[in-house]
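Here the protein sequences come in this chain order: A and B.
According to my numbering, the first sequence is numbered sequentially starting from 1.
According to my numbering, the second sequence is numbered sequentially starting from 1.
Check the hints yourself; a few may be wrong.
[Stated by the list, open to error] Computed beta-carbon distance windows for the label pairs:
#: 1; chain 1: A; residue 1: R317; chain 2: B; residue 2: D220; range: 36 to 42 Å
#: 2; chain 1: A; residue 1: L244; chain 2: B; residue 2: Q332; range: 37 to 43 Å
#: 3; chain 1: B; residue 1: A486; chain 2: A; residue 2: E385; range: 51 to 57 Å
#: 4; chain 1: B; residue 1: Q500; chain 2: A; residue 2: E385; range: 34 to 40 Å
Hints listed in this document are in silico derivations from the structure and should not be mistaken for laboratory results.
Ideal Cβ placement from N, Cα and C applies to all residues, glycine included.
Number of protein chains: 2
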Amino acid sequence: MSTYKAPLNDMRFALYDVIGVEAAFQKMGFDDASRDILDAILDEGARFTETVLSPLNEVGDREGCKHDKATGAVTTPTGFKQAYAQYVDGGWAGLTASTESGGQGLPHAAGVPIKEMIDAANLAWGNFPLLSHGATEALVQHGSDWQQDVFLKPLVEGRWTGTMCLTEPHCGTDLGLLKTRAEPQQDGSYSITGTKIFITAGDHDFTDNILHLVLARLPDAPAGSKGISLFIVPKIQVGTDGTLGEPNAVRCGSLEHKMGIHGSATCVMNFDGAQGWLVGKPHKGLMGMFTMMNTARLAVGLQGLGLSDRALQNALRYSRDRLQMRALSGTQFPDKPADPIIVHPDVRRMLLTCKSLVEGGRVMGYHAALLVDLAHNAPDAAEREQADALLGFMTPIVKACLTEWGVECTYHALQCFGGHGYIAEHGMEQLARDARITTLYEGTTGIQALDLLGRKVMQLQGAGLRVFLGMIEQFCSENASHPAAAEFIAPLRAKAGEWQQLTMQIGQRAVANADEVGAAAYDYLMYSGYVSLAYWWARSVVASDTSAYPEAFRAGKREAARFYFARILPRTLAHASAIGGGAATLLALDAEAFDA
Amino acid sequence: MSTYKAPLNDMRFALYDVIGVEAAFQKMGFDDASRDILDAILDEGARFTETVLSPLNEVGDREGCKHDKATGAVTTPTGFKQAYAQYVDGGWAGLTASTESGGQGLPHAAGVPIKEMIDAANLAWGNFPLLSHGATEALVQHGSDWQQDVFLKPLVEGRWTGTMCLTEPHCGTDLGLLKTRAEPQQDGSYSITGTKIFITAGDHDFTDNILHLVLARLPDAPAGSKGISLFIVPKIQVGTDGTLGEPNAVRCGSLEHKMGIHGSATCVMNFDGAQGWLVGKPHKGLMGMFTMMNTARLAVGLQGLGLSDRALQNALRYSRDRLQMRALSGTQFPDKPADPIIVHPDVRRMLLTCKSLVEGGRVMGYHAALLVDLAHNAPDAAEREQADALLGFMTPIVKACLTEWGVECTYHALQCFGGHGYIAEHGMEQLARDARITTLYEGTTGIQALDLLGRKVMQLQGAGLRVFLGMIEQFCSENASHPAAAEFIAPLRAKAGEWQQLTMQIGQRAVANADEVGAAAYDYLMYSGYVSLAYWWARSVVASDTSAYPEAFRAGKREAARFYFARILPRTLAHASAIGGGAATLLALDAEAFDA
Chain A
1 MSTYKAPLND MRFALYDVIG VEAAFQKMGF DDASRDILDA ILDEGARFTE
51 TVLSPLNEVG DREGCKHDKA TGAVTTPTGF KQAYAQYVDG GWAGLTASTE
101 SGGQGLPHAA GVPIKEMIDA ANLAWGNFPL LSHGATEALV QHGSDWQQDV
151 FLKPLVEGRW TGTMCLTEPH CGTDLGLLKT RAEPQQDGSY SITGTKIFIT
201 AGDHDFTDNI LHLVLARLPD APAGSKGISL FIVPKIQVGT DGTLGEPNAV
251 RCGSLEHKMG IHGSATCVMN FDGAQGWLVG KPHKGLMGMF TMMNTARLAV
301 GLQGLGLSDR ALQNALRYSR DRLQMRALSG TQFPDKPADP IIVHPDVRRM
351 LLTCKSLVEG GRVMGYHAAL LVDLAHNAPD AAEREQADAL LGFMTPIVKA
401 CLTEWGVECT YHALQCFGGH GYIAEHGMEQ LARDARITTL YEGTTGIQAL
451 DLLGRKVMQL QGAGLRVFLG MIEQFCSENA SHPAAAEFIA PLRAKAGEWQ
501 QLTMQIGQRA VANADEVGAA AYDYLMYSGY VSLAYWWARS VVASDTSAYP
551 EAFRAGKREA ARFYFARILP RTLAHASAIG GGAATLLALD AEAFDA
Chain B
1 MSTYKAPLND MRFALYDVIG VEAAFQKMGF DDASRDILDA ILDEGARFTE
51 TVLSPLNEVG DREGCKHDKA TGAVTTPTGF KQAYAQYVDG GWAGLTASTE
101 SGGQGLPHAA GVPIKEMIDA ANLAWGNFPL LSHGATEALV QHGSDWQQDV
151 FLKPLVEGRW TGTMCLTEPH CGTDLGLLKT RAEPQQDGSY SITGTKIFIT
201 AGDHDFTDNI LHLVLARLPD APAGSKGISL FIVPKIQVGT DGTLGEPNAV
251 RCGSLEHKMG IHGSATCVMN FDGAQGWLVG KPHKGLMGMF TMMNTARLAV
301 GLQGLGLSDR ALQNALRYSR DRLQMRALSG TQFPDKPADP IIVHPDVRRM
351 LLTCKSLVEG GRVMGYHAAL LVDLAHNAPD AAEREQADAL LGFMTPIVKA
401 CLTEWGVECT YHALQCFGGH GYIAEHGMEQ LARDARITTL YEGTTGIQAL
451 DLLGRKVMQL QGAGLRVFLG MIEQFCSENA SHPAAAEFIA PLRAKAGEWQ
501 QLTMQIGQRA VANADEVGAA AYDYLMYSGY VSLAYWWARS VVASDTSAYP
551 EAFRAGKREA ARFYFARILP RTLAHASAIG GGAATLLALD AEAFDA
C-alpha cells in the first residue's frame with residue numbers, strides 16, 4: 001500500500017517564501033489569513049487527510065461505488081460517507097467561500113494546499129466535494145437572489161453537493177452539439193429532459209440533496225453553442241422559497257467502469273422532465289459553465305500535483321530501502337548485501353525528475369491560485385486586470401502540465417519499484433491509473449493547448465504572456481549577481497527571449513493558415529510549462545537562500561534546480577523544433593492514407 | 001472493446017521490401033522460407049490471432065486467472081486453454097525451432113510477425129507460450145544429450161511449456177543475491193528448495209507438464225553471481241530416460257494482482273525439495289539464463305510494438321468516426337453536424353506519432369530478428385560476427401524503445417478517445433495497463449540502458465555501433481540524390497555523426513568517473529533509438545518508392561517520415577543536452593536531502 005504524508009515544510013516554503021502570500025493576503029484585506037491561522041489550518045489538514053482520507057484510498061479502489069438499478073441510488077465505498085461527515089464537521093467545505101454565503105472567507109490560495117492534500121490522500125474521494133466549488137462559483141456569479149438565498153448556504157456548508165452536467169454521449173468538447181431540452185413551465189421552472197454522461201458525483205450517499213448544474217437548450221434556442229442555457233436541477237425538488245419537495249425526475253442510470261478512480265462515482269444521469277431553474281440569462285449558459293470550468297481546471301491541475309507527490313514519496317522510501325547491485329563507482333554500503341538503489345544514477349534521474357516537477361509545479365499551482373485572489377481582490381484595478389490576464393494565460397498551462405507531469409511522475413515512481421511497481425499491493429499502479437484521468441477530464445491536454453495558444457495568446461494578443469515575461473525580466477535584473485541563483489539567470493533570460501520569438505513566429509504563420517495554431521498548440525503549451533517552471537525554480541533557489549532553512553533543504557532546492565536546468569529544461573529544444581515543423585507535417589496526409 | 005486486424009500489408013513491406021528477408025533467407029539456406037510459404041503463414045497467423053486470440057483479450061482481462069489454494073492449481077480464463085490447443089494443432093509452437101528438435105525449421109525472422117500478431121491480439125495469452133522459446137534455446141545451447149532428447153520435443157511441439165525462474169523476493173536485477181538452494185542427490189539429480197516470484201506461466205491448465213528453468217546455488221557455490229547454476233525442474237518428474245514420475249515438489253503459492261495482463265498467470269513458485277537436473281556447468285547458470293533473456297528481451301520489445309499497433313488501429317477508427325468541432329481552417333464536412341476529429345492537427349499529431357513509432361519500430365524489430373538468424377547462419381564468418389555484434393547492440397535498444405513507445409502510443413491512442421478512453425468498454429485503457437509491464441519485465445528500461453552503454457558500447461568498444469554507423473553511411477552515400485529520400489540524407493548523416501561524437505564524449509568522461517556511464521545511459525539509449533528509427537524511416541521511403549505500391553501507401557511512408565524527422569527526431573536534442581548535464585547533476589544531492 002502506498003502511504004502519504006503532507007509535505008508541510010515544502011508547502012509553507014512555496015506559500016510564504018516563494019510566492020509571499022502573507023503580504024499579498026494582507027494587502028487584499030484578508031485579515032483572518034495570518035500565518036498563525038494558515039499554519040494551524042495546514043496542520044489540521046495534514047491530520048485529516050493523512051489519518052482519515054489516505055487509509056481509504058486503497059479501499060475505494062478495491063470496492064468502487066455500487067449502483068442499485070432499481071432505485072438508481074449510488075453507494076460509496078466503505079468509510080467514504082463517514083469521512084465526508086468529518087470533512088463537513090471540520091468546516092473544510094466552506095474554507096474559501098465568502099462569509100456571506102456561510103463560508104470562512106479565506107483566500108483561494110489558502111485552500112489550495114488543502115486541496116492538494118486531499119487529492120494526494122484520496123483522489124477518488126476528493127472528487128465528491130470538488131464540483132461543489134464550481135457550482136458555488138456559478139451561483140455567486142450568475143444566480144438570481146433567490147437562488148443564492150436557497151442554494152448557496154447548504155452548498156457552502158457541505159450539506160449538499162454540486163455537479164457539472166455538460167457531456168452527452170455524442171458531445172464532449174463540442175458542446176454546441178448537445179441535445180438536452182428545457183421546456184418552460186407555468187411556475188417559472190423548466191422541465192429538463194436528456195441524458196448526460198461522465199457526471200462526477202452524479203449520485204452518492206453523502207448528502208440529502210445534490211444540485212446538478214445542467215446545460216440544456218430552450219425551445220427557441222439558436223443552433224450550436226450560442227443556444228445553450230444553464231439550469232440548476234436538484235435531486236430533491238427545491239422551491240423558490242427553499243422548501244423541499246418531491247424527489248426530482250433525475251436519476252443515475254448506470255456507473256462507468258473505469259481505468260482508475262474507482263471510488264469516484266462517474267454517472268450516466270437521466271433527466272426525465274426534471275424540474276430545473278434557469279441560472280443566468282437564456283442562451284448564455286456557456287459563460288456560466290466557463291466560470292465553473294476555470295475553477296475546475298486549476299483544481300484538476302492540483303490533482304496531478306498531489307498524485308505526483310504521493311508517488312514520489314513512496315518511490316523515495318522504496319529507493320532508500322531496496323538493496324540491489326553496487327554503485328558503479330564502488331560499494332557504498334559494505335556492511336549490507338547490496339547498496340540501496342538510490343545510489344544508482346538512473347534511479348536518481350527518475351527521483352529528481354519527480355522532485356523537480358513536483359516542487360516546481362507546486363509553486364506554479366499555488367501562484368495561479370493567488371492570481372485568482374488578486375484578480376478579484378487586489379486593491380488596484382490595474383493589478384486586478386494584470387492578474388486576470390495572467391490567470392487566464394496560466395490556467396491551461398497549470399491544468400495541462402501538472403496533469404501530464406502527474407502521468408509522468410507516477411510512471412517514474414512506479415518504475416523505481418521495478419516489477420513490484422506493477423503489483424497492486426504496493427499501490428503504485430493505482431496512482432498511475434488514477435493519474436490517467438487528469439489529462440482527459442475538464443478538457444484534454446489538446447483542448448488546453450488550443451485554449452492557451454488560440455484564445456489566450458492569439459485572440460487576447462498575448463496579454464498574459466507579456467505580464468509573465470515582465471515578471472521574469474524583473475526577477476532576472478534583480479538577481480543577476482545573486483550568490484545562489486546567478487547561474488540560472490542567463491539561461492532563464494535566453495529561454496524567455498526564445499519564448500517571445502516563438503510566439504511571434506507562430507502568430508505570423510497563423511495569419512496565413514489558421515491550422516498553424518492547432519499544429520503548434522501542444523508543443524507550445526509544453527514549452528511554456530517548462531519555461532515557466534524554470535522561472536519558479538530560479539525563484540525557489542533565491543527564496544531558499546536564507547538561514548531560516550537548514551543546509552540540506554537549501555541543497556535540495558539548489559541541486560534540483562541545477563538538475564532541472566540541465567536535464568529537463570532541454571525538452572524545450574525538442575518542442576521548439578517540433579513547432580518549427582509547422583502544420584504541413586501534420587496535414588499533408590489524407591485521412592484515408594494513414595493505414596493505406 | 002478494442003479490435004485488431006493484422007497489418008499484413010505493412011508487415012510484408014517491412015520484411016520483403018525494407019529488410020529484404022527473401023535474399024537473406026536464401027543465402028542462409030532456408031529453402032523452405034520462400035515468399036509463397038511466408039505469405040501463407042502470415043495469412044494463417046492473421047486468421048488465428050484475429051478470430052481466436054483477439055476476442056479473448058477482454059475476457060482475459062475481466063476474468064483473470066484463478067488459483068486453488070488447496071492444490072496450487074491455476075485455472076486460466078475462459079477460452080484460453082482451447083485457444084492454446086488450436087495453437088499447438090496449427091503447428092505454431094515449433095515454427096522457428098529446428099527440424100531436429102521437431103520444429104519447422106523456419107528462420108527466426110519469419111516467426112516475428114506472428115509473435116507481433118499474438119501480442120497485439122492478446123498479450124496476456126501470448127505470455128504462456130512465450131518462455132517456451134527461451135527454455136528451448138537454453139536447452140539447445142547448454143543441455144546435455146539426454147536433456148535434449150527428453151525435453152526438447154514436447155517443448156517444441158507445445159505439449160509442455162517452459163518458465164524462467166530467476167527473481168526472488170529480495171532480488172530481481174541483482175541475481176547475485178539469490179538464495180534458492182540445490183542439493184546433489186545420489187541419482188544425479190538435485191533437490192531444489194526456495195521461493196521464486198513473478199514467474200510468468202508458472203502454473204496453468206494448458207499442458208500436462210511444465211518445465212521450470214531455475215537459478216539456484218550449489219552447496220559449494222561461491223558468493224554472488226558467480227555461484228549460480230541453472231536447473232531444469234519439471235512440474236511432473238521426468239527421469240533421464242524420459243519416463244514420467246510423480247508430481248514434483250513445486251507448486252504455485254499464489255497469483256499476483258497486477259495492473260494489467262490479468263489473463264497472464266504471474267506466480268509465486270515454491271520449490272520444496274523438488275527434483276531438478278543441472279543444465280550446463282556448475283556455477284555457470286547466468287550464461288544459460290542470458291541465452292534465454294536475450295531472446296525474451298527482443299520478444300518483449302515486440303509486445304510493445306504489438307500493443308502500439310492495436311492502440312493506433314483503434315484510435316484511427318475512432319478519430320475517423322467521432323464528430324466533434326469544425327476544422328480551424330474551415331468546415332470540411334458541411335453535411336455532418338461536426339467534422340471527424342481526424343481533421344484536427346493535434347489529433348493528427350498523436351496519430352502520426354503512433355504511426356511513425358509503430359511502422360518504424362516494426363522495421364527495427366524485424367531487422368533485429370533477422371540479425372538473430374544471420375548471427376547463427378550467415379555463410380560468412382565475418383558476417384556472423386558482425387551480425388552478432390550488431391544484435392548485441394540493438395537488443396537493449398529494441399527492448400527498451402519499443403516498450404517505452406508502447407507506453408507512449410497507448411497513451412496517445414487513449415487520449416484520442418477523450419474521456420471515453422478512460423472507460424473500460426472501449427478497451428483502450430486495458431492496452432495502456434497491459435503495456436505498462438513491458439518496460440519493467442525482462443530488465444527495466446534503466447537496465448537495458450546500462451547493458452547498452454556499459455556493456456555493448458564501453459566494454460565491447462562500440463563494435464555494434466560501428467557496424468550500424470557503417471550501414472547508415474553506406475545508405476546515405478547510395479541515396480544522396482534519391483528522388484524521394486534525398487531530403488532525409490543530410491539530417492540523418494548529421495545525426496549519425498553526432499551519435500559518434502556523443503559516444504566518444506561519454507567514453508572520455510567515464511574514464512574519470514564510472515558513474516558517468518549510469519548518468520548518461522538512459523538518455524543515450526533513447527537517443528540511439530531515435531537515430532536508429534530515422535535510418536529505418538529513410539530506408540522505408542526508399543523501399544516504398546516503387547510502382548508496386550499505390551500512391552496512398554507511398555504517401556503514408558513519405559509523410560510519416562517527414563513527420564518523424566520534423567517532430568520526433570528533435571527529441572534527440574533534449575537527450576543529447578541532458579547527457580551533457582553529466583553525473584554531477586544526479587549525484588550531488590545526499591540521499592537524505594531529497595525531501596529535507
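Can you name, in rising order, the numbers of the hints this structure does not satisfy? Violated hints (numbers, rising): 2, 4; every other hint is consistent with the structure.
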